[in-house]
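Student: Sequence:
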Amino acid sequence: MKKLLLTAAVLALTTGMASASGLDEGWYVGGGLGWNHAEDADFTNAAGVTNQVDYNEGGVGNLAVGYSWMNGLRSELEGSYRTNGVDNISGTGAAGSAGDFRSWNAMANLYYDFKNSSKWVPYIGAGVGASWQNADGIGNTFAAATSIDEKDVQFAYQGMAGVDYWLNDRSAWGLRYNYFASNDGDFETSAGADVDGEYANHAVMVTYRYGLNKPAAAPVAPAAMAAPAMTTARTTYTNPTPQQVEASPYKIFFELDKATITSEGMAVVNDVVSKVQNGRIDVVHLTANTDTSGSASHNEKLSKARANAVRNALVSRGINADNINVFSNAENNLPVPTADGVKEPRNRVVTIVIN
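Heads up: the sequence shown at position 231 corresponds to 231 in the numbering used here, and the numbers run straight through without jumps.
Note that these hints are calculated values from the structure, not bench results.
Be aware that a few hints might be false.
Listed below are the simulated BS3-like cross-link pairs for lysine-lysine, each with C-alpha atoms no more than 25 Å apart in a straight line [claimed, not checked]:
| no. | residue 1 | residue 2 |
| --- | --- | --- |
| 1 | 258 | 119 |
| 2 | 343 | 258 |
| 3 | 275 | 251 |
| 4 | 251 | 119 |
Computed spacing ranges between beta-carbons, pair by pair [what the hints assert, rightly or not]:
| no. | residue 1 | residue 2 | range |
| --- | --- | --- | --- |
| 5 | 258 | 56 | 47 to 55 Å |
| 6 | 184 | 208 | 44 to 52 Å |
| 7 | 336 | 267 | 29 to 37 Å |
| 8 | 262 | 188 | 57 to 65 Å |
| 9 | 343 | 264 | 37 to 45 Å |
| 10 | 322 | 56 | 52 to 60 Å |
| 11 | 119 | 184 | 17 to 25 Å |
| 12 | 27 | 167 | 13 to 21 Å |
| 13 | 179 | 251 | 47 to 55 Å |
| 14 | 278 | 128 | 46 to 54 Å |
| 15 | 159 | 318 | 29 to 37 Å |
| 16 | 341 | 119 | 21 to 29 Å |
A virtual CB, placed ideally from N, CA and C, is assigned to each residue, including glycine.
Using the sequences plus the hints, can you model the full thing?
Tutor: The following block contains the structure:
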(Lines of atoms letter the chains of each structure in order from A and count residues from 1; the text may use other names and numbers.)
(Lines give C-alpha, C1' and ligand atoms only; values in the text may rest on other atoms or scores of the structure.)
Protein backbone atom coordinates (compact mmCIF):
# COMPACT_ATOMS: atom_id res chain seq x y z
CA MET A 1 0.00 0.00 0.00
CA LYS A 2 2.83 2.43 0.87
CA LYS A 3 4.43 1.77 -2.51
CA LEU A 4 1.15 2.44 -4.31
CA LEU A 5 0.54 5.68 -2.43
CA LEU A 6 4.05 7.01 -3.01
CA THR A 7 3.81 6.17 -6.70
CA ALA A 8 0.54 8.09 -6.92
CA ALA A 9 2.06 11.06 -5.13
CA VAL A 10 5.12 11.22 -7.37
CA LEU A 11 2.94 10.90 -10.46
CA ALA A 12 0.98 13.89 -9.26
CA LEU A 13 4.22 15.87 -9.35
CA THR A 14 5.12 14.84 -12.88
CA THR A 15 3.78 15.40 -16.37
CA GLY A 16 3.70 12.84 -19.14
CA MET A 17 6.74 12.74 -21.36
CA ALA A 18 5.99 14.24 -24.76
CA SER A 19 6.87 12.27 -27.85
CA ALA A 20 9.78 13.96 -29.57
CA SER A 21 11.95 13.23 -32.54
CA GLY A 22 15.42 11.83 -32.49
CA LEU A 23 17.43 9.38 -30.47
CA ASP A 24 18.47 9.90 -26.86
CA GLU A 25 22.18 9.71 -26.10
CA GLY A 26 23.35 6.14 -26.57
CA TRP A 27 24.30 3.34 -28.95
CA TYR A 28 22.39 2.43 -32.11
CA VAL A 29 22.55 0.04 -35.05
CA GLY A 30 21.34 0.66 -38.58
CA GLY A 31 21.41 -0.38 -42.19
CA GLY A 32 20.19 0.49 -45.64
CA LEU A 33 19.59 -0.74 -49.18
CA GLY A 34 19.32 1.18 -52.42
CA TRP A 35 20.47 2.22 -55.87
CA ASN A 36 23.91 3.43 -56.91
CA HIS A 37 25.27 5.21 -59.99
CA ALA A 38 29.00 4.81 -60.66
CA GLU A 39 30.54 7.70 -62.57
CA ASP A 40 32.27 6.91 -65.87
CA ALA A 41 35.83 5.91 -64.96
CA ASP A 42 39.10 6.59 -66.78
CA PHE A 43 41.67 3.77 -66.72
CA THR A 44 45.09 5.09 -67.78
CA ASN A 45 48.23 3.06 -68.49
CA ALA A 46 51.89 4.07 -68.03
CA ALA A 47 52.06 5.37 -71.63
CA GLY A 48 49.24 7.83 -70.92
CA VAL A 49 46.65 5.95 -72.98
CA THR A 50 43.17 6.15 -71.47
CA ASN A 51 40.17 3.86 -71.80
CA GLN A 52 36.84 5.06 -70.43
CA VAL A 53 34.59 2.52 -68.71
CA ASP A 54 30.86 3.31 -68.51
CA TYR A 55 28.92 1.38 -65.87
CA ASN A 56 25.35 0.20 -65.53
CA GLU A 57 23.26 1.26 -62.55
CA GLY A 58 23.86 -0.98 -59.55
CA GLY A 59 22.96 -1.83 -55.99
CA VAL A 60 24.28 -0.68 -52.62
CA GLY A 61 23.84 -1.84 -49.04
CA ASN A 62 25.30 -0.94 -45.67
CA LEU A 63 25.35 -1.88 -41.98
CA ALA A 64 26.44 0.46 -39.20
CA VAL A 65 26.89 0.80 -35.45
CA GLY A 66 27.19 4.20 -33.82
CA TYR A 67 26.75 6.44 -30.80
CA SER A 68 24.35 9.38 -30.70
CA TRP A 69 25.28 12.38 -28.54
CA MET A 70 22.87 14.86 -26.92
CA ASN A 71 24.40 17.78 -28.88
CA GLY A 72 23.17 16.34 -32.20
CA LEU A 73 26.43 14.69 -33.24
CA ARG A 74 26.66 11.00 -34.10
CA SER A 75 29.85 8.98 -34.51
CA GLU A 76 29.59 5.77 -36.51
CA LEU A 77 31.44 2.81 -38.01
CA GLU A 78 29.93 1.67 -41.31
CA GLY A 79 30.48 -1.22 -43.69
CA SER A 80 29.06 -0.95 -47.22
CA TYR A 81 29.01 -2.85 -50.51
CA ARG A 82 28.55 -1.50 -54.06
CA THR A 83 28.43 -3.30 -57.38
CA ASN A 84 28.13 -2.14 -61.02
CA GLY A 85 28.31 -4.03 -64.29
CA VAL A 86 30.20 -2.65 -67.31
CA ASP A 87 27.99 -1.01 -69.95
CA ASN A 88 30.58 0.15 -72.49
CA ILE A 89 34.34 0.63 -72.90
CA SER A 90 35.79 3.27 -75.24
CA GLY A 91 39.29 4.43 -76.16
CA THR A 92 42.39 3.12 -77.93
CA GLY A 93 42.23 -0.65 -78.29
CA ALA A 94 38.99 -0.93 -76.37
CA ALA A 95 36.12 -3.16 -77.44
CA GLY A 96 33.21 -4.89 -75.74
CA SER A 97 31.42 -4.45 -72.44
CA ALA A 98 32.44 -7.34 -70.21
CA GLY A 99 33.03 -7.44 -66.48
CA ASP A 100 31.94 -5.56 -63.39
CA PHE A 101 33.36 -3.43 -60.59
CA ARG A 102 32.68 -4.13 -56.91
CA SER A 103 33.78 -2.45 -53.71
CA TRP A 104 33.66 -3.37 -50.02
CA ASN A 105 34.12 -0.32 -47.81
CA ALA A 106 34.85 0.34 -44.12
CA MET A 107 34.20 3.94 -43.04
CA ALA A 108 34.35 6.07 -39.89
CA ASN A 109 31.54 8.65 -40.11
CA LEU A 110 30.48 11.76 -38.23
CA TYR A 111 26.92 13.12 -38.57
CA TYR A 112 25.00 16.12 -37.32
CA ASP A 113 21.26 15.66 -36.69
CA PHE A 114 19.14 18.82 -36.92
CA LYS A 115 16.89 17.83 -34.02
CA ASN A 116 13.53 19.56 -33.69
CA SER A 117 10.06 19.06 -32.24
CA SER A 118 8.73 17.10 -35.24
CA LYS A 119 9.24 13.45 -36.18
CA TRP A 120 11.30 14.47 -39.25
CA VAL A 121 15.01 14.94 -38.51
CA PRO A 122 17.33 15.99 -41.37
CA TYR A 123 21.05 15.35 -41.09
CA ILE A 124 24.39 15.75 -42.85
CA GLY A 125 27.57 13.75 -42.48
CA ALA A 126 31.02 12.88 -43.77
CA GLY A 127 33.36 9.93 -43.45
CA VAL A 128 36.77 8.51 -44.29
CA GLY A 129 38.06 4.98 -44.51
CA ALA A 130 39.22 2.24 -46.85
CA SER A 131 37.78 0.77 -50.04
CA TRP A 132 38.58 -2.81 -51.13
CA GLN A 133 37.98 -2.80 -54.90
CA ASN A 134 37.65 -5.62 -57.41
CA ALA A 135 37.89 -4.93 -61.16
CA ASP A 136 36.50 -8.25 -62.34
CA GLY A 137 37.15 -9.12 -66.00
CA ILE A 138 36.70 -5.58 -67.39
CA GLY A 139 37.50 -5.77 -71.08
CA ASN A 140 38.50 -5.61 -73.72
CA THR A 141 40.79 -2.76 -72.59
CA PHE A 142 43.79 -1.25 -74.42
CA ALA A 143 44.11 -4.26 -76.76
CA ALA A 144 42.18 -7.23 -78.09
CA ALA A 145 41.70 -10.07 -75.61
CA THR A 146 43.08 -7.90 -72.78
CA SER A 147 41.13 -7.25 -69.59
CA ILE A 148 41.54 -5.80 -66.13
CA ASP A 149 41.05 -8.48 -63.51
CA GLU A 150 42.61 -7.47 -60.18
CA LYS A 151 41.92 -6.21 -56.64
CA ASP A 152 43.24 -3.15 -54.79
CA VAL A 153 42.72 -1.21 -51.54
CA GLN A 154 42.55 2.59 -51.52
CA PHE A 155 41.76 5.51 -49.18
CA ALA A 156 38.08 6.48 -49.48
CA TYR A 157 35.90 9.40 -48.43
CA GLN A 158 32.20 10.21 -48.54
CA GLY A 159 29.55 12.81 -47.84
CA MET A 160 25.96 12.13 -46.78
CA ALA A 161 22.69 14.01 -46.43
CA GLY A 162 19.31 12.63 -45.51
CA VAL A 163 16.21 12.71 -43.37
CA ASP A 164 14.89 10.27 -40.77
CA TYR A 165 11.25 9.77 -39.77
CA TRP A 166 11.06 8.68 -36.14
CA LEU A 167 8.39 6.08 -35.43
CA ASN A 168 9.12 6.37 -31.68
CA ASP A 169 12.03 7.23 -29.37
CA ARG A 170 14.11 4.28 -30.60
CA SER A 171 13.47 3.54 -34.27
CA ALA A 172 13.38 5.51 -37.53
CA TRP A 173 13.09 4.95 -41.26
CA GLY A 174 15.00 7.32 -43.49
CA LEU A 175 16.12 8.35 -46.96
CA ARG A 176 19.81 9.08 -47.57
CA TYR A 177 21.93 10.45 -50.42
CA ASN A 178 25.57 9.37 -50.44
CA TYR A 179 28.55 10.54 -52.51
CA PHE A 180 31.45 8.07 -52.29
CA ALA A 181 34.89 8.22 -53.91
CA SER A 182 38.40 6.85 -53.50
CA ASN A 183 41.92 7.52 -54.65
CA ASP A 184 42.73 6.02 -58.06
CA GLY A 185 43.14 2.27 -57.84
CA ASP A 186 46.31 0.50 -58.99
CA PHE A 187 45.44 -2.40 -61.29
CA GLU A 188 47.14 -4.59 -63.87
CA THR A 189 45.83 -5.83 -67.22
CA SER A 190 45.98 -9.45 -68.27
CA ALA A 191 48.90 -8.42 -70.52
CA GLY A 192 50.88 -7.24 -67.47
CA ALA A 193 50.47 -3.47 -67.97
CA ASP A 194 49.91 -1.25 -64.93
CA VAL A 195 46.83 1.01 -65.07
CA ASP A 196 45.25 3.56 -62.72
CA GLY A 197 41.46 3.51 -62.37
CA GLU A 198 39.07 6.14 -61.04
CA TYR A 199 36.17 5.37 -58.73
CA ALA A 200 33.32 7.70 -57.73
CA ASN A 201 29.76 6.77 -56.87
CA HIS A 202 26.38 8.32 -56.08
CA ALA A 203 23.79 6.37 -54.07
CA VAL A 204 20.28 6.76 -52.68
CA MET A 205 19.27 4.40 -49.87
CA VAL A 206 16.28 3.61 -47.72
CA THR A 207 17.66 3.30 -44.19
CA TYR A 208 16.58 2.04 -40.77
CA ARG A 209 18.05 2.97 -37.39
CA TYR A 210 17.35 1.42 -33.97
CA GLY A 211 18.47 2.77 -30.58
CA LEU A 212 19.86 0.19 -28.15
CA ASN A 213 19.34 2.26 -24.98
CA LYS A 214 15.93 1.88 -23.39
CA PRO A 215 14.35 5.36 -23.11
CA ALA A 216 12.99 6.65 -19.87
CA ALA A 217 9.24 6.22 -19.65
CA ALA A 218 6.76 7.31 -17.05
CA PRO A 219 4.90 4.38 -15.43
CA VAL A 220 1.14 4.14 -15.72
CA ALA A 221 -0.55 5.96 -12.89
CA PRO A 222 -2.49 3.69 -10.53
CA ALA A 223 -6.17 4.32 -10.03
CA ALA A 224 -6.89 7.01 -7.46
CA MET A 225 -7.92 5.54 -4.12
CA ALA A 226 -8.53 6.79 -0.62
CA ALA A 227 -6.19 5.67 2.12
CA PRO A 228 -5.95 6.24 5.87
CA ALA A 229 -3.13 8.27 7.37
CA MET A 230 0.10 6.36 7.93
CA THR A 231 3.50 7.17 9.32
CA THR A 232 6.91 5.99 8.15
CA ALA A 233 10.38 6.72 9.43
CA ARG A 234 10.80 9.43 6.81
CA THR A 235 7.51 11.29 6.45
CA THR A 236 3.75 11.15 6.87
CA TYR A 237 1.21 10.66 4.08
CA THR A 238 -2.49 11.39 4.33
CA ASN A 239 -4.19 10.92 0.97
CA PRO A 240 -0.98 12.29 -0.61
CA THR A 241 -1.08 15.42 -2.72
CA PRO A 242 1.85 17.22 -4.37
CA GLN A 243 2.06 19.60 -1.39
CA GLN A 244 2.33 16.71 1.08
CA VAL A 245 5.20 14.83 -0.56
CA GLU A 246 8.41 15.51 1.36
CA ALA A 247 11.28 16.86 -0.74
CA SER A 248 13.91 14.17 -1.14
CA PRO A 249 17.37 14.81 0.35
CA TYR A 250 18.87 12.95 -2.63
CA LYS A 251 19.61 15.25 -5.55
CA ILE A 252 22.07 14.69 -8.39
CA PHE A 253 23.02 17.87 -10.22
CA PHE A 254 24.32 18.02 -13.81
CA GLU A 255 26.50 20.39 -15.78
CA LEU A 256 24.92 22.62 -18.43
CA ASP A 257 23.57 20.57 -21.37
CA LYS A 258 25.16 17.38 -20.01
CA ALA A 259 23.76 13.99 -19.00
CA THR A 260 26.98 12.63 -17.50
CA ILE A 261 26.99 12.02 -13.74
CA THR A 262 29.76 13.98 -12.01
CA SER A 263 31.93 12.57 -9.20
CA GLU A 264 29.75 14.44 -6.69
CA GLY A 265 26.65 12.95 -8.27
CA MET A 266 28.15 9.46 -8.17
CA ALA A 267 28.69 9.89 -4.43
CA VAL A 268 24.95 10.52 -4.10
CA VAL A 269 24.25 7.40 -6.19
CA ASN A 270 26.43 5.33 -3.87
CA ASP A 271 24.65 6.80 -0.83
CA VAL A 272 21.27 5.83 -2.28
CA VAL A 273 22.50 2.32 -3.10
CA SER A 274 23.75 1.90 0.47
CA LYS A 275 20.43 3.15 1.85
CA VAL A 276 18.42 0.79 -0.36
CA GLN A 277 20.58 -2.27 0.26
CA ASN A 278 20.79 -1.76 4.03
CA GLY A 279 17.18 -0.78 4.62
CA ARG A 280 13.70 -2.09 3.90
CA ILE A 281 13.27 -0.20 0.63
CA ASP A 282 10.51 -1.18 -1.79
CA VAL A 283 10.76 1.42 -4.53
CA VAL A 284 13.01 4.17 -5.89
CA HIS A 285 11.53 7.11 -7.82
CA LEU A 286 13.68 9.22 -10.16
CA THR A 287 12.40 12.58 -11.44
CA ALA A 288 14.55 14.46 -13.95
CA ASN A 289 14.51 18.17 -14.80
CA THR A 290 16.40 20.62 -16.98
CA ASP A 291 16.79 24.37 -16.90
CA THR A 292 14.94 26.44 -19.52
CA SER A 293 17.96 27.53 -21.57
CA GLY A 294 17.41 25.11 -24.49
CA SER A 295 14.49 24.34 -26.78
CA ALA A 296 11.61 22.33 -25.33
CA SER A 297 12.29 19.33 -27.58
CA HIS A 298 16.01 19.32 -26.74
CA ASN A 299 15.29 19.56 -23.02
CA GLU A 300 12.84 16.65 -23.21
CA LYS A 301 15.63 14.46 -24.62
CA LEU A 302 18.16 15.80 -22.13
CA SER A 303 15.82 15.16 -19.21
CA LYS A 304 15.26 11.55 -20.27
CA ALA A 305 18.98 11.03 -20.78
CA ARG A 306 19.71 12.27 -17.24
CA ALA A 307 17.04 10.00 -15.77
CA ASN A 308 18.44 7.04 -17.71
CA ALA A 309 21.99 7.84 -16.56
CA VAL A 310 20.97 7.70 -12.90
CA ARG A 311 18.81 4.62 -13.43
CA ASN A 312 21.65 2.77 -15.17
CA ALA A 313 24.08 3.76 -12.41
CA LEU A 314 21.73 2.34 -9.76
CA VAL A 315 21.13 -0.88 -11.71
CA SER A 316 24.87 -1.38 -12.30
CA ARG A 317 25.34 -1.26 -8.52
CA GLY A 318 22.80 -3.95 -7.78
CA ILE A 319 19.45 -2.16 -7.53
CA ASN A 320 16.65 -4.16 -9.15
CA ALA A 321 15.50 -2.31 -12.28
CA ASP A 322 11.90 -3.38 -11.59
CA ASN A 323 11.99 -1.35 -8.37
CA ILE A 324 12.93 1.90 -10.11
CA ASN A 325 10.27 4.26 -11.45
CA VAL A 326 11.53 6.88 -13.90
CA PHE A 327 9.86 10.23 -14.58
CA SER A 328 10.97 13.02 -16.91
CA ASN A 329 9.69 16.54 -16.27
CA ALA A 330 12.16 18.47 -18.44
CA GLU A 331 11.11 22.15 -18.05
CA ASN A 332 7.89 21.32 -16.16
CA ASN A 333 7.42 21.49 -12.36
CA LEU A 334 10.86 23.00 -11.88
CA PRO A 335 12.45 22.96 -8.41
CA VAL A 336 13.22 26.66 -8.95
CA PRO A 337 10.62 28.27 -11.27
CA THR A 338 12.20 30.57 -13.86
CA ALA A 339 11.35 32.32 -17.09
CA ASP A 340 12.28 30.74 -20.42
CA GLY A 341 15.96 30.86 -21.35
CA VAL A 342 17.36 30.92 -17.80
CA LYS A 343 20.44 28.79 -16.98
CA GLU A 344 19.48 27.85 -13.43
CA PRO A 345 21.91 25.20 -12.02
CA ARG A 346 19.42 23.99 -9.38
CA ASN A 347 17.02 22.88 -12.15
CA ARG A 348 19.61 20.64 -13.84
CA VAL A 349 18.81 17.80 -11.47
CA VAL A 350 17.52 14.28 -10.92
CA THR A 351 15.62 14.03 -7.64
CA ILE A 352 15.49 10.63 -5.92
CA VAL A 353 12.68 9.58 -3.57
CA ILE A 354 13.01 6.21 -1.86
CA ASN A 355 10.40 4.33 0.16
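Student: Give a verdict on every hint.
Tutor: Against the structure, the hints:
no., hint, in the structure
1, 258 / 119, "holds (23 Å)"
2, 343 / 258, "holds (13 Å)"
3, 275 / 251, "holds (14 Å)"
4, 251 / 119, "violated (32 Å)"
5, 258 / 56: 47 to 55 Å, "holds (50 Å)"
6, 184 / 208: 44 to 52 Å, "violated (34 Å)"
7, 336 / 267: 29 to 37 Å, "violated (22 Å)"
8, 262 / 188: 57 to 65 Å, "holds (59 Å)"
9, 343 / 264: 37 to 45 Å, "violated (19 Å)"
10, 322 / 56: 52 to 60 Å, "holds (56 Å)"
11, 119 / 184: 17 to 25 Å, "violated (43 Å)"
12, 27 / 167: 13 to 21 Å, "holds (18 Å)"
13, 179 / 251: 47 to 55 Å, "holds (49 Å)"
14, 278 / 128: 46 to 54 Å, "holds (52 Å)"
15, 159 / 318: 29 to 37 Å, "violated (46 Å)"
16, 341 / 119: 21 to 29 Å, "holds (25 Å)"
Taken one by one, the earlier hints fail for this structure at numbers 4, 6, 7, 9, 11 and 15, listed in ascending order.
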